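Asker: Residue numbers (our numbering), protein chains in the order written: chain U, 1 to 353; chain A, 354 to 422.
Hints were generated in silico from the structure; no laboratory data involved. Source: prediction; values computed, not measured. Careful: at least some of the hints might be erroneous.
In silico SDA-like links for lysine to any residue, alpha-carbon gap of 25 Å or less [said to hold, decoys possible]:
1) A/401 / U/147
2) U/4 / A/403
3) U/220 / A/420
4) A/400 / A/415
5) A/388 / U/197
6) U/147 / A/413
7) U/150 / A/411
Some chain A residues well away from chain U (every beta-carbon gap over 10 Å; in silico) [as the list claims (entries may be wrong)]:
8) 354
9) 360
10) 361
11) 372
12) 376
13) 378
14) 379
15) 380
16) 389
17) 402
18) 403
19) 404
20) 407
21) 410
22) 415
Yeah, the Cβ is synthetic: ideal placement off N, Cα and C, and Gly gets one too.
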Amino acid sequence: MLKKLKLPLVGVFLGLVSLALVAHGNPGNMGFCIACFLRDTSGALGLHNGPSYARPEVIGLILGAMIVSLITKEFSPKGGSAPITRFVLGACVMVGALVFLGCPTRMVIRMAGGDLNALVGLPGFVGGILAGMFFLNKGFTLKRTQKVAKTDGFALPVIAVLLLLGLLFVPALLSTSETGPGSMHAPLWIALAIGLVVGGVGFISRMCFVGGIRDSIMFKNFSMLSAFVALLVVMIIGNLIMGNFNLGFEGQPVAHNDGLWNFLGLGLVGFGSVLLGGCPFRQVVLAGSGNTDSVAAVFGMTFGAALAHNFSLASSSAGVSENGPWGFAIAAVIAVAIAVYNTFFNKKGSANA
Amino acid sequence: MKTIDARGFSCPEPLLMLKNGLKSDEDILLMTDSKNATQNCEDFAKKKGFSVDVTQTEGDYHLQIRKAK
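One chain only, chain U, in its complex shape (with noise of 0.2 Å):
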């Protein structure tokens, strides 16, 4: 019986965090979205003059999910399966997300505000996911992992250190901007041991959003798809205690109305996401506990973000840039080719060869 509440409460448990974070100073619906920590990361250090703020939530998210990997002794470094390619992926996912203007888990955090946009963007991620899982289903892989050294797997964990002394010391070397999105945040402490707790529950539950879906669809398992539900659910209670929510496409938090490109973003994040493994949440997690290829697909990530901003890719609540179309296909097409390639023309030593 506990086993199958698990998830659920992993889900409900997310919510409530996410409504805390939002109370004490996160931009509205923003919650735990993992492309708006780690583009806000990616400003901070410097990689474009977008929104920037080093998010404690993505440095906890990382030493939570490296610390209880090492008490339940699942952490090892491990890598070596195409990191050049999921780093290309990573910002594939990025430029997706940016486009809609967030992750799988804000989503749902923007559904659960009453944001119509993100409604729309729904069947647009399930299409993104039907797509990775036909290639998937036809053998795509990026190949076996390796044991790597020690070292490889600590590097990131060093890194969120580093960026947390940094927060706490000197400060004015990290870029934190002074309006918009990136100058709306949680005090650093609970930002921080929410983050190190959420780390820590995502690595034990595993919980996944595109995992969520792909599972329900291909094996018929729905337990991932319960805890979905369950954040939605304690979220539209949350919201409307809160008096947070605001049913309507019309001036929703950090959103556009424009559906094409909110199917179509949210689109390209399932469709990289099925390719890379799991959610941008997901990757986070798994980079902290030893996972190098899920590093780089983080870095990706973060690299993409600095592309969107510095090439203008990025939409805004004013809605899709004018660059942003052109960014999304030039994504599209390298993430279908890598998606095609890797299906059809890279079979030795492969999982089904």
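Here the structure of chain U is known, so what remains is to put chain A in place on it, guided by the hints.
Answerer: What follows is chain A alone, placed relative to chain U:
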């Protein structure tokens, strides 16, 4: 007995390999180095009516999957 070497692959690939393997009537030995894949494959095979024995050797998991009698 058919052997499926899923070591180095992460989900859903081991699960897909098992799903394809279960199409034949043979017993299966599935090897994986992922605890997550072990749990997923064990749950999936049991749900499909197979019996599963899991043994752990040097970081690898061996799943003996047989048709339940």
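Asker: Now look at each hint and say whether the structure bears it out.
Answerer: To see whether the hints hold, each was checked on the structure:
1. Pair hint residue 401 of chain A plus residue 147 of chain U does not hold up; C-alpha atoms about 32 Å apart against a cutoff of 25 Å.
2. For the given pair, residue 4 of chain U sits about 21 Å from residue 403 of chain A by alpha-carbon distance, which is consistent with the 25 Å threshold.
3. Between residue 220 of chain U and residue 420 of chain A the alpha-carbon distance is near 20 Å, which keeps this suggested pair within the 25 Å criterion.
4. Distance hint between residue 400 of chain A and residue 415 of chain A is fulfilled; the C-alpha atoms sit about 18 Å from each other, no more than 25 Å.
5. The suggested pairing of residue 388 of chain A with residue 197 of chain U holds, with an alpha-carbon distance near 21 Å, which does not exceed 25 Å.
6. With a C-alpha separation of about 12 Å, the suggested pair residue 147 of chain U and residue 413 of chain A falls inside the 25 Å cut-off, and the hint holds.
7. For the hint pairing residue 150 of chain U with residue 411 of chain A, the CA-to-CA distance comes to about 17 Å; that is within 25 Å, so the pair holds.
8. With a least CB separation of 19 Å from chain U, residue 354 of chain A remains clear of the 10 Å interface cut-off, as annotated.
9. A beta-carbon of chain U comes within 10 Å of the beta-carbon of residue 360 of chain A; the shortest separation is about 7 Å.
10. The Cβ of residue 361 of chain A does not lie farther than 10 Å from every Cβ of chain U; its closest approach is about 3 Å, which violates its non-interface assignment.
11. For residue 372 of chain A, the requirement that its beta carbon stay farther than 10 Å from each beta carbon of chain U is not met, with the minimum near 7 Å.
12. No Cβ of chain U approaches the Cβ of residue 376 of chain A within 10 Å, the least distance being about 13 Å, so the stated non-interface status holds.
13. No beta-carbon of chain U is positioned within 10 Å of the beta-carbon of residue 378 of chain A; the least distance is around 20 Å.
14. Non-interface status of residue 379 of chain A relative to chain U is upheld: no Cβ of that chain comes within 10 Å, the nearest being about 17 Å off.
15. Taking the minimum C-beta to C-beta distance to chain U, about 20 Å, the non-interface status of residue 380 of chain A holds against the 10 Å cut.
16. For residue 389 of chain A, the shortest C-beta to C-beta distance to chain U comes to about 6 Å, within the 10 Å cut-off, and the non-interface label is violated.
17. Consistency note on residue 402 of chain A: stated as away from chain U, and its beta-carbon is indeed over 10 Å from all of that chain's, at 14 Å minimum.
18. Annotated as non-interface, residue 403 of chain A keeps its C-beta farther than 10 Å from every C-beta of chain U; the closest such distance is 14 Å.
19. The beta carbon of residue 404 of chain A sits about 19 Å from the closest Cβ of chain U, which is more than 10 Å, so the claim that it is off the interface holds.
20. At the 10 Å boundary, the C-beta of residue 407 of chain A stays outside the reach of chain U, the nearest C-beta of that chain being 16 Å off.
21. Non-interface status of residue 410 of chain A relative to chain U is upheld: no Cβ of that chain comes within 10 Å, the nearest being about 15 Å off.
22. Here residue 415 of chain A stays apart from chain U, with its beta-carbon at least about 17 Å from theirs, past the 10 Å limit.
Consistency note: the structure conflicts with the earlier hints numbered 1, 9, 10, 11, 16.
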